[in-house]
Amino acid sequence: MNVNSSSGTELSRPSTGVSMATVASNLKTPSNDFVRKLYGILERCEYPDIVRWTETGESFVVLDTGKFTTQILPNHFKHSNFASFVRQLNKYDFHKVKKTPEERQTSQYGELSWEFKHPFFTIHNEEALDNIKRKTTVQKKILLDDSTVLLKPNEQHGLHDNSAVNLILANSVTKDKFNLLKRRVDRLQKELELAKEEKYAAKLEFQKLNSKYNTIVESLITFKSVNDNLMTGFNQLCSMLSSRGFEVPQPFYDQMNRGGNLSKGALNEHKPQKSFDLDTAAASMVPGTMPLAAPSHPSGAAPGDLSLPLAHITASKPPGGLDTNDTSVLKEGFHVLLVEDDAVCIQLCSKFLRKYGCTVEVVTDGLSAISTLEKFRYDLVLMDIVMPNLDGATATSIVRSFDNHTPIIAMTGNIEDQDLITYLQHGMNDILAKPFTKDDLHSMLIRYLKDRVPLVKQQEERERTGDPPQTQPQSQPGSQPQSQPGSAPQTRSHSITQIRPQLQSHQSMQSIEESVSQPSSTVSESDVNALIEDEPLLKKQRVQLKE
Amino acid sequence: MPIPKEIVNWGILSEIVSMDEDDPEFSKSLIIQFIDQAQTTFEQMQNQLEGPKELKALADLGHFLKGSSSALGLQRIAWVCERIQNLGRKKENTLPEKEFLVYQSTLEIPNQGNYYDRRIGDDADDETYLALIARALEQARYEFTLARGELSSYYGCEL
Numbered sequence: 001m002n003v004n005s006s007s008g009t010e011l012s013r014p015s016t017g018v019s020m021a022t023v024a025s026n027l028k029t030p031s032n033d034f035v036r037k038l039y040g041i042l043e044r045c046e047y048p049d050i051v052r053w054t055e056t057g058e059s060f061v062v063l064d065t066g067k068f069t070t071q072i073l074p075n076h077f078k079h080s081n082f083a084s085f086v087r088q089l090n091k092y093d094f095h096k097v098k099k100t101p102e103e104r105q106t107s108q109y110g111e112l113s114w115e116f117k118h119p120f121f122t123i124h125n126e127e128a129l130d131n132i133k134r135k136t137t138v139q140k141k142i143l144l145d146d147s148t149v150l151l152k153p154n155e156q157h158g159l160h161d162n163s164a165v166n167l168i169l170a171n172s173v174t175k176d177k178f179n180l181l182k183r184r185v186d187r188l189q190k191e192l193e194l195a196k197e198e199k200y201a202a203k204l205e206f207q208k209l210n211s212k213y214n215t216i217v218e219s220l221i222t223f224k225s226v227n228d229n230l231m232t233g234f235n236q237l238c239s240m241l242s243s244r245g246f247e248v249p250q251p252f253y254d255q256m257n258r259g260g261n262l263s264k265g266a267l268n269e270h271k272p273q274k275s276f277d278l279d280t281a282a283a284s285m286v287p288g289t290m291p292l293a294a295p296s297h298p299s300g301a302a303p304g305d306l307s308l309p310l311a312h313i314t315a316s317k318p319p320g321g322l323d324t325n326d327t328s329v330l331k332e333g334f335h336v337l338l339v340e341d342d343a344v345c346i347q348l349c350s351k352f353l354r355k356y357g358c359t360v361e362v363v364t365d366g367l368s369a370i371s372t373l374e375k376f377r378y379d380l381v382l383m384d385i386v387m388p389n390l391d392g393a394t395a396t397s398i399v400r401s402f403d404n405h406t407p408i409i410a411m412t413g414n415i416e417d418q419d420l421i422t423y424l425q426h427g428m429n430d431i432l433a434k435p436f437t438k439d440d441l442h443s444m445l446i447r448y449l450k451d452r453v454p455l456v457k458q459q460e461e462r463e464r465t466g467d468p469p470q471t472q473p474q475s476q477p478g479s480q481p482q483s484q485p486g487s488a489p490q491t492r493s494h495s496i497t498q499i500r501p502q503l504q505s506h507q508s509m510q511s512i513e514e515s516v517s518q519p520s521s522t523v524s525e526s527d528v529n530a531l532i533e534d535e536p537l538l539k540k541q542r543v544q545l546k547e
Numbered sequence: 001m002p003i004p005k006e007i008v009n010w011g012i013l014s015e016i017v018s019m020d021e022d023d024p025e026f027s028k029s030l031i032i033q034f035i036d037q038a039q040t041t042f043e044q045m046q047n048q049l050e051g052p053k054e055l056k057a058l059a060d061l062g063h064f065l066k067g068s069s070s071a072l073g074l075q076r077i078a079w080v081c082e083r084i085q086n087l088g089r090k091k092e093n094t095l096p097e098k099e100f101l102v103y104q105s106t107l108e109i110p111n112q113g114n115y116y117d118r119r120i121g122d123d124a125d126d127e128t129y130l131a132l133i134a135r136a137l138e139q140a141r142y143e144f145t146l147a148r149g150e151l152s153s154y155y156g157c158e159l
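Each protein sequence line maps, in turn, to chains B and V.
Under full-length UniProt numbering, the first residue of the first sequence carries the number 1, and numbering increases by one thereafter.
Under full-length UniProt numbering, the first residue of the second sequence carries the number 1, and numbering increases by one thereafter.
Careful: at least some of the hints might be erroneous.
[Unchecked claim] Here are the in silico distance ranges between beta carbons for each label pair:
(1) 361/B <-> 43/V: 47 to 55 Å
(2) 456/B <-> 116/V: 43 to 51 Å
(3) 217/B <-> 116/V: 52 to 60 Å
(4) 211/B <-> 114/V: 31 to 39 Å
(5) 361/B <-> 54/V: 31 to 39 Å
(6) 43/V <-> 211/B: 51 to 59 Å
(7) 375/B <-> 98/V: 33 to 41 Å
[To be verified] Stretch-level coverage of chain V by chain B, calculated; a stretch enters the list once three of its residues show a Cβ under 8 Å from a Cβ in chain B:
(8) 5-17
(9) 66-75
(10) 97-106
(11) 125-138
[To be verified] So the derived list for chain V, only partly shown, Cβ under 10 Å to chain B, looks like this:
(12) 78
(13) 82
(14) 85
The hints are simulated quantities; they were obtained by calculation from the structure and are not laboratory data.
Beta carbons are placed, not taken as given, at the ideal position from N, Cα and C, and that holds for glycine.
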C-alpha cells in the first residue's frame with residue numbers, strides 16, 4: 001500500500017519522472033517476462049525452422065512469420081498477429097536489422113526473414129536480460145495527462161499486471177498530444193472562419209457584378225425602346241409633315257419603295273436582319289449611341305433641330321440614310337483610312353464613306369496600315385481582320401504602341417464572342433460586323449466622330465489663328481484636343497471630346513499591356529472598368545442632350 | 001445557320017443599288033467585279049485541291065469570297081464560302097448532301113446549323129476535309145451560276 005501511495009504521488013507529479021519500470025523493479029517483479037519468454041524459446045531451440053539465434057548469437061531471426069503467427073504466438077504470447085509482436089519488441093528497444101534488397105535476396109535465412117537485435121539480448125547470456133526494459137512507458141507516463149495518471153495507481157493496485165497498465169496507457173492520450181490536437185483544431189477552426197469570410201466576400205462581389213451587369217442590360221434595353229419610340233415618333237412627324245404639303249424627300253420611304261420594286265420580300269427581310277445584327281446591339285453598350293435619337297427628341301428643342309436638316313435637304317441633294325437628322329451631326333471632311341484587301345469591299349465601303357462626307361484613303365494589308373499611320377494622321381481607321389502580310393488585330397496592337405487615340409474599328413465576319421474580346425484586347429475600339437449596311441457604318445461614324453472636329457478643319461483653324469502649323473504630328477496623346485481653340489458654339493461638346501480620348505487611350509493602353517502579358521483572352525478587369533467608367537459618361541451625355 | 005432560301009438579300013443589294021443615284025452603273029460595276037473575283041477564287045481553290053492541298057489556303061480563299069459575296073447580299077454563295085472557310089479550319093467536319101442544298105429545295109437540312117459532328121471529331125485526316133471542300137466548291141459554283149442568272153435578269157443584260 002505504501003509503495004502504491006508513494007508511487008501514486010510520484011505519478012501525480014510527472015516532472016519527477018519515475019517510471020513504471022522503476023516501480024515494477026522496486027516490487028521485484030520481473031519486468032520483462034516477454035523478453036525472457038522469447039529468450040527461453042530461443043535457448044531451447046524449440047522451433048528451429050521458425051525462429052532461432054543467428055550464427056553470431058548477437059541477434060535472432062524469424063524465418064517464417066506465417067508459422068510464427070500460427071504456432072508460436074497462440075501458445076506463448078498474448079499477441080494475435082506478428083505486427084503486434086514486433087511492436088512489443090520495439091517497445092523493449094529491439095530493432096529490426098535493416099537489409100538492402102540485395103542483402104535480403106542473398107540472406108541465408110531466406111528473403112522473407114526478419115532479424116531483430118538488442119545489445120543485451122545475446123545467446124547464452126541470461127543475466128544481461130535484466131538490462132532490457134520497456135522504454136516507451138517511461139516517456140509515456142511523464143507525459144500523461146494528470147487526470148489519466150491519477151486513475152492509474154488504483155488500477156495497478158488491483159491488477160499488478162503490466163499488460164493491463166500497458167493497455168490503459170495505449171488507450172489514453174498524452175497531454176502533449178492533446179494540446180497538439182487542440183491547437184490543430186483551433187487552427188482549422190480559424191481557417192474555416194477565414195474561408196467562410198472569403199466566400200462571403202466573393203459572393204458579395206459576385207452579386208455586385210451581377211447587379212452591374214443587370215443594370216447595363218437594362219439600360220441597353222431602355223436605350224433600344226427609347227430609340228424605337230423616337231423612330232416611330234420621327235416617322236409620324238415626317239408623314240404628318242408630308243400630309244400637310246411639305247416636300248419631304250424621305251430617303252427612308254424612298255428606300256422602302258425601291259426595295260419593294262426590286263423584290264417582293266425585300267421589305268420583310270430588311271427589318272429582321274437589322275434587329276438581329278450583333279453590331280447594333282453592341283453599339284448601345286458604348287457611349288455615343290444617344291446622338292442617333294437626340295435631335296429628334298420630342299422636347300422643346302426638337303422642332304428647331306428638325307428644321308435644320310430639312311432646310312439642308314431642300315437646299316441640296318438628299319443625304320442618304322435612314323436617319324436623315326444625323327447627317328447634320330456628323331461634320332464633313334473626316335479623313336478615314338480604310339484597311340481592306342477585297343476590291344469589292346473597298347469600293348463599297350469607300351463609297352459609303354464618301355457619301356457621309358469623308359475622304360478615304362485605302363491600304364490593302366496590315367503592314368502598310370502601320371507604315372501609313374506612322375506618317376499620317378486620320379480621324380478614324382476601318383480595319384479588316386483577315387488580310388495578307390499582317391492581320392488587322394496584330395497591326396492594331398502595333399499601331400497602339402505609338403498612337404493611342406485614333407479610333408480603330410474592326411470590320412469582320414467573325415463575330416464570335418471570343419474573337420470580339422481578342423480584337424478589343426488588341427486595342428481596337430469597336431467592331432463593325434460584316435456585311436454591314438450604310439446605316440451600320442453611319443452609326444459607327446457618329447459614335448466616334450460626332451463630337452470631333454475633322455483634323456483638316458483643325459489644321460485650317462490653327463493656320464487662321466496663327467498657331468504654328470503642326471504638320472504630321474506624331475500623335476502625342478492629348479495634343480489634339482488641347483490645341484483646339486474652343487470656338488464658342490461647341491465649347492460644351494468640346495469638353496466631352498477632351499474626356500473621351502483620355503478614356504480611350506487609358507483603355508487601349510491596358511489592352512496592349514494585357515495582350516502582351518497574357519495572350520489568353522479573358523474579359524479583363526479593365527474592360528469591365530471601362531464599361532463602368534463609361535456609364536456616367538453616358539448619363540452625362542443624356543443629361544446634356546435633354547437640356 | 002441553314003443555307004438562305006433566297007439567292008440575293010435584297011435588303012443589302014438595294015442599298016448598294018441606291019448608290020447609283022449619283023454614280024450610275026456603280027452597283028453594276030461592283031457586281032461585274034465580283035463575278036470576276038469569284039471566278040478567279042474558284043480557280044485558285046481548284047488549284048489548291050489538285051495541287052498543294054493546303055487547308056489553310058482554302059480556308060483563306062473561302063473567307064475572302066465570303067466577304068465580298070456577303071457585302072453584295074449574295075447570301076447563298078456567302079453561306080457556301082463560310083462552309084469552305086470552316087472546313088479548311090477544321091471547325092466543321094460535315095457538309096449537307098446536295099439534295100438539301102439545291103435552290104428551293106423543300107428538304108430541311110437535318111441537324112440544322114451544326115456542321116460539326118462530334119462522333120467524327122477532329123481526327124479525320126486532311127483528305128476527308130479536302131473531299132468535303134471539293135464538294136462545297138461544286139456547290140459554290142452552282143450558287144454562282146444561280147446568282148449570276150438572277151442578277152443578269154435584274155440588270156436586264158448578260159453579266
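Would the stated hint for residue 82/V survive a check requiring a Cβ distance to chain B of less than 10 Å?
holds, 8 Å
Does the Cβ distance between residue 361/B and residue 54/V fall inside 31 to 39 Å?
holds, 33 Å
Mind taking a look at whether chain B covers the region 66-75 of chain V? Criterion is 3 or more residues with CB to CB distance under 8 Å.
holds (count 7)
With 52 to 60 Å as the target window, see if residue 217/B and residue 116/V comply at their CB atoms.
violated, 30 Å
Cut-off 10 Å, beta-carbon criterion: hint that residue 78/V touches chain B:
holds, 8 Å
Beta-carbon spacing of residue 211/B to residue 114/V - inside the hinted bounds 31 to 39 Å or not:
holds, 35 Å
Using the C-beta atoms of residue 43/V and residue 211/B, is the stated range 51 to 59 Å upheld?
Holds, at about 57 Å.
Given the hint of 47 to 55 Å, check if residue 361/B and residue 43/V actually sit that far apart at their C-beta atoms.
violated, 31 Å
At a Cβ distance under 8 Å, does chain B reach at least three residues of the region 5-17 of chain V?
Coverage by chain B holds for the region 5-17 of chain V (11 residues, Cβ < 8 Å).
Please test the hint of 33 to 41 Å on the beta carbon pair from residue 375/B and residue 98/V.
violated, 52 Å
Can you tell me if the region 125-138 of chain V counts as covered by chain B, using C-beta to C-beta distances under 8 Å and a minimum of three residues?
Our answer is that it is violated, as 0 residues pass the Cβ test (under 8 Å) against chain B, missing three.
Closer than 8 Å Cβ to Cβ for three or more residues is the test here. Does the region 97-106 of chain V pass it with chain B?
Since three or more residues must qualify, the claim that chain B covers the region 97-106 of chain V is violated, with 0 doing so at under 8 Å.
In summary, the numbered hints that this structure violates are 1, 3, 7, 10 and 11.
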